[in-house]
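Asks: Here's the letter readout for the chains.
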Amino acid sequence: MIRIALVGNPNSGKTTLFNALTGSNQFVGNWPGVTVEKKEGTYRSDKNVGITDLPGIYSLSPYTLEEVVARNYLINENPDAVLNIVDGTNLERNLYLTTQLAELGLPMVVAVNMMDVVAKQGDKIDTKRLAAELGCPVVEISALKGTGIEKAVAEAVQAVKKKVKMVSPHSFSGCVEHAIAHIEEAVLHDMPDEKQRWYAVKLFERDKKVQEALKIDKSVLEHIESDIKACEKELDDDAESIITNERYTYIASIIGGCYKKKNVGKLSTTDKIDRVVTNRWLALPIFALVMWLVYYVAMVTIGTAATDWTNDNLFGDGYHLFGIGGSAYEAAAEEYGDTAEILGAAEAGEKTYVTIDDETMEVSDPIEITDDMVAEAKAMEEKYGEEGPDPADYGVWVPGIPALIEKGLDAVECADWLKGLVLDGIVAGVGAVLGFVPQMLVLFLFLAFLESCGYMARIAFILDRIFRRFGLSGKSFIPMLVGVGCGVPGIMACRTIESERDRRMTIMTTTFIPCGAKVPFIALVSGAIFGGSAWVATSAYFIGIGAIICSGIILKKTKMFSGDPAPFVMELPAYHWPTVGNVLRSMWERGWSFIKKAGTIILLSTIFVWFFSFFGWTEGGFGMLEEDQLDSSILAKLGSAIAWIFAPLGWGNWQATVASITGLVAKENIVGTMGILYGGEETWTNMSQAFNHLSGMSFLIFNLLCAPCFAAMGAIKREMNSGKWTAFAITYQCVAAYIVGLIVYQLGMAFTGSFGIGTVFGAAALVFVVYMLFRKDKYRI
Amino acid sequence: MGTLIVLAVVVAIVAAAIVSIIRKKKSGGCGCGCSGCTKSCSQRKLD
Amino acid sequence: MIPLTFADKGTTYFIKRIQGKDEARRHLNNLGFIEGEEISVINELAGNLIIAVKDSRVAIDREMAARIVVGR
Numbered sequence: 032m033i034r035i036a037l038v039g040n041p042n043s044g045k046t047t048l049f050n051a052l053t054g055s056n057q058f059v060g061n062w063p064g065v066t067v068e069k070k071e072g073t074y075r076s077d078k079n080v081g082i083t084d085l086p087g088i089y090s091l092s093p094y095t096l097e098e099v100v101a102r103n104y105l106i107n108e109n110p111d112a113v114l115n116i117v118d119g120t121n122l123e124r125n126l127y128l129t130t131q132l133a134e135l136g137l138p139m140v141v142a143v144n145m146m147d148v149v150a151k152q153g154d155k156i157d158t159k160r161l162a163a164e165l166g167c168p169v170v171e172i173s174a175l176k177g178t179g180i181e182k183a184v185a186e187a188v189q190a191v192k193k194k195v196k197m198v199s200p201h202s203f204s205g206c207v208e209h210a211i212a213h214i215e216e217a218v219l220h221d222m223p224d225e226k227q228r229w230y231a232v233k234l235f236e237r238d239k240k241v242q243e244a245l246k247i248d249k250s251v252l253e254h255i256e257s258d259i260k261a262c263e264k265e266l267d268d269d270a271e272s273i274i275t276n277e278r279y280t281y282i283a284s285i286i287g288g289c290y291k292k293k294n295v296g297k298l299s300t301t302d303k304i305d306r307v308v309t310n311r312w313l314a315l316p317i318f319a320l321v322m323w324l325v326y327y328v329a330m331v332t333i334g335t336a337a338t339d340w341t342n343d344n345l346f347g348d349g350y351h352l353f354g355i356g357g358s359a360y361e362a363a364a365e366e367y368g369d370t371a372e373i374l375g376a377a378e379a380g381e382k383t384y385v386t387i388d389d390e391t392m393e394v395s396d397p398i399e400i401t402d403d404m405v406a407e408a409k410a411m412e413e414k415y416g417e418e419g420p421d422p423a424d425y426g427v428w429v430p431g432i433p434a435l436i437e438k439g440l441d442a443v444e445c446a447d448w449l450k451g452l453v454l455d456g457i458v459a460g461v462g463a464v465l466g467f468v469p470q471m472l473v474l475f476l477f478l479a480f481l482e483s484c485g486y487m488a489r490i491a492f493i494l495d496r497i498f499r500r501f502g503l504s505g506k507s508f509i510p511m512l513v514g515v516g517c518g519v520p521g522i523m524a525c526r527t528i529e530s531e532r533d534r535r536m537t538i539m540t541t542t543f544i545p546c547g548a549k550v551p552f553i554a555l556v557s558g559a560i561f562g563g564s565a566w567v568a569t570s571a572y573f574i575g576i577g578a579i580i581c582s583g584i585i586l587k588k589t590k591m592f593s594g595d596p597a598p599f600v601m602e603l604p605a606y607h608w609p610t611v612g613n614v615l616r617s618m619w620e621r622g623w624s625f626i627k628k629a630g631t632i633i634l635l636s637t638i639f640v641w642f643f644s645f646f647g648w649t650e651g652g653f654g655m656l657e658e659d660q661l662d663s664s665i666l667a668k669l670g671s672a673i674a675w676i677f678a679p680l681g682w683g684n685w686q687a688t689v690a691s692i693t694g695l696v697a698k699e700n701i702v703g704t705m706g707i708l709y710g711g712e713e714t715w716t717n718m719s720q721a722f723n724h725l726s727g728m729s730f731l732i733f734n735l736l737c738a739p740c741f742a743a744m745g746a747i748k749r750e751m752n753s754g755k756w757t758a759f760a761i762t763y764q765c766v767a768a769y770i771v772g773l774i775v776y777q778l779g780m781a782f783t784g785s786f787g788i789g790t791v792f793g794a795a796a797l798v799f800v801v802y803m804l805f806r807k808d809k810y811r812i
Numbered sequence: 002m003g004t005l006i007v008l009a010v011v012v013a014i015v016a017a018a019i020v021s022i023i024r025k026k027k028s029g030g031c032g033c034g035c036s037g038c039t040k041s042c043s044q045r046k047l048d
Numbered sequence: 076m077i078p079l080t081f082a083d084k085g086t087t088y089f090i091k092r093i094q095g096k097d098e099a100r101r102h103l104n105n106l107g108f109i110e111g112e113e114i115s116v117i118n119e120l121a122g123n124l125i126i127a128v129k130d131s132r133v134a135i136d137r138e139m140a141a142r143i144v145v146g147r
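These protein sequence lines map, in sequence, to chains A, B and C.
The first sequence: position 443 = 474 (this note's numbering), numbered continuously.
The second sequence: position 10 = 11 (this note's numbering), numbered continuously.
The third sequence: position 8 = 83 (this note's numbering), numbered continuously.
Bound-form chain A, shown alone (with noise of 0.2 Å):
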């Protein structure tokens, strides 16, 4: 078995390369212990090939956290060959990291990438004369379209084959080679020759964790540190500094004869496309242009018509393919009209009716009967029968499949008890989440696009002024903004962030912003509660947004997350369009998981929720319950216990409070166990008699604020690798949900003319915020 290390820049087509070379036979995990992503797989072409993807770096030092585990792998799990991937936009800075890896020794193939971009900007890159000037082989490849890369693994098997032992031919200056000689014999005689180059520079370049690593005895590094002291005398400049600088002088010595640009000192069309979308005026606008557009096709047009026809027509009753019989039984549904309704109402006495709407649960205006009606209706009833027209009768229908199940559950003479089961806990769970899938599959796809093409980048570069007012960087908007459409990737977004303070608070409140999973339950406490009103979806936003900023503020005078802005160092790639196929991909792949999440973890919950609230003690003992038995249930006794903690909120219910406790699970569930807890059909009617508009928008606010779903909660364990700093951003979480609940509510309440005890810890607790937010930062200079 080969293995070949692929080495390279960040954004140099590393992992386009490593997707080419090992198409779905790739394995990705972490590099134990970090968070750093480990990619390994088998080459396509010769199952005896395999690959590992480094992650990128732009040197071998020791400072960051990909440096090192790279390196580590290089030099201690001994692959058998290198495989430097170098941009050949940006063959200079590339370079630097190519002669490093030349001297560790070990065989070297250098694969120079996106040269269809060379060839369309007219540069010229002379491999021969490079690899001559290199000491090892040259291939020239284009990842995305595929050209070369088999030669370039075919030449890398070659050099291995052939034991080829990669010698650097670069030397440094006159003192510094004195230097490394001396060192290498006297720390280094035991190691075989070819490796001892690396080790002796970077012992030069009092490199902390080889001297560990190595060993060193005290006075040797002493005798060492002499000669570099008497070089940096000589250069009158320090040892990594020399070093630094004299690799480039080498690669500009080198670049002159391989490397001809044909647009010398010309802005090129990334430039002139940076001028406009960073221009002062317009960069905000276009930003928020940019946001709008997404916000709007993903979540408000395509993203909900889809939603709503899978919740309607797949996990509804069904639908008529490609519409066919649709219109014919349209007419006879607006024919038949109420008269269902009419009828009930007439037999039962009443003088009036009212219809329900099957969406929004929407109750009417009573509607009076007249004799007329009650004739047509009667006349409606025969022609139609007395469920009125089925829409299986006309054209082509599909029956949805809750329908189809049924149907199934029925034929095997299921027990009733495991048909609610099925049919009201799985399917309606499990339905209700899948029924977004189409917009979180256009919400990724946006994403996708904005990462791919490289103006996600030019985003964080636009906003980070503005977030460093709020103790954040501009690199922590990207979290959040992919954290609009699932919070796990958003989560994990936050790896770009280098500072580990700045990091660590933006993980604690990506989840601010509504996810997706949240925007089923913002409807339900608009439409519920607030009668649909528009202002509470948006508001929600603005919630999350202002939660982040505060807590930024907040947290940045606290000696925990005090200390200078991380300085902000960012390389922004060139422009490109995005291939489809990765776009593509990168959206399935999110839109996958998001699916498999629904079939365990939602799929688990709701059966929980179902069983646990449907049965209970009845005065007949224990079993199952009806619905309108369930206060009874071991679900109710359950709350009940906890649900006072929540009256200060106004909220003080056992089904209110369960049901929060299984958005834990997934956000989702706290739509789903209302409907199961408050009697599916008469759940709007319910709910805005259990809640006023004070208390539900306290309970909005804390299960937008509290901690989010367990998967959100894994990913946010994973990034913080630190159980302690875990539970932190999980308390916090939770106590600023609470505390901005209890205000809302204590101080609403207030302002209506209730007052009493809660008031006081209302007062309190807007008292303390405040002075959070304005007090003097003793830590700013």
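Quick caveat, the hints were computed from the structure, so don't treat them as lab data.
Treat the numbers as computed from the prediction; the structure is a model and nothing was measured.
Below, a list of computed lysine-lysine pairs in the DSS-like style, where the Cα atoms sit at most 25 Å apart: (1) A:Lys155 with A:Lys176; (2) B:Lys25 with A:Lys755; (3) A:Lys192 with A:Lys226; (4) A:Lys264 with C:Lys96; (5) A:Lys755 with A:Lys588; (6) A:Lys627 with A:Lys748; (7) A:Lys226 with A:Lys196; (8) C:Lys96 with A:Lys239; (9) C:Lys96 with A:Lys260; (10) C:Lys91 with A:Lys260; (11) A:Lys246 with A:Lys260; (12) A:Lys240 with C:Lys96; (13) A:Lys192 with A:Lys78; (14) A:Lys293 with A:Lys159; (15) A:Lys627 with A:Lys450; (16) A:Lys293 with C:Lys84; (17) A:Lys155 with A:Lys293; (18) A:Lys627 with B:Lys25; (19) A:Lys194 with A:Lys182; (20) A:Lys297 with C:Lys84; (21) C:Lys84 with A:Lys292; (22) C:Lys84 with A:Lys303; (23) C:Lys91 with A:Lys264; (24) B:Lys25 with A:Lys748; (25) C:Lys91 with A:Lys297; (26) A:Lys69 with B:Lys25.
Got chain A; can you put chains B and C on it based on the hints?
Replies: Using the frame of chain A, we list chains B and C on its own:
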């Protein structure tokens, strides 16, 4: 009879779900595959 | 010699010195910012800069830019 079959199916699905969750936890928690990852995990400081 | 914060857009400068010896400076080194290197400012936004260095574009904040001393 039919009830038993359906029950068996439900139990099988639940078992599969539980197994899949445990397996995901065991794999050390991944960088990707959860809800897909962003691109390069770039520079970060040690300690 | 002026700090990069005062540089004109589009003009080419040479890096004379990068102040400080910390991680940020090393990161800049890795990205190609070294003494003698040619750079120019592509754009500026609220003090933060987009710099063209070698063949790449790097965004830096104004505090960082203040530490990079350039000349013509």
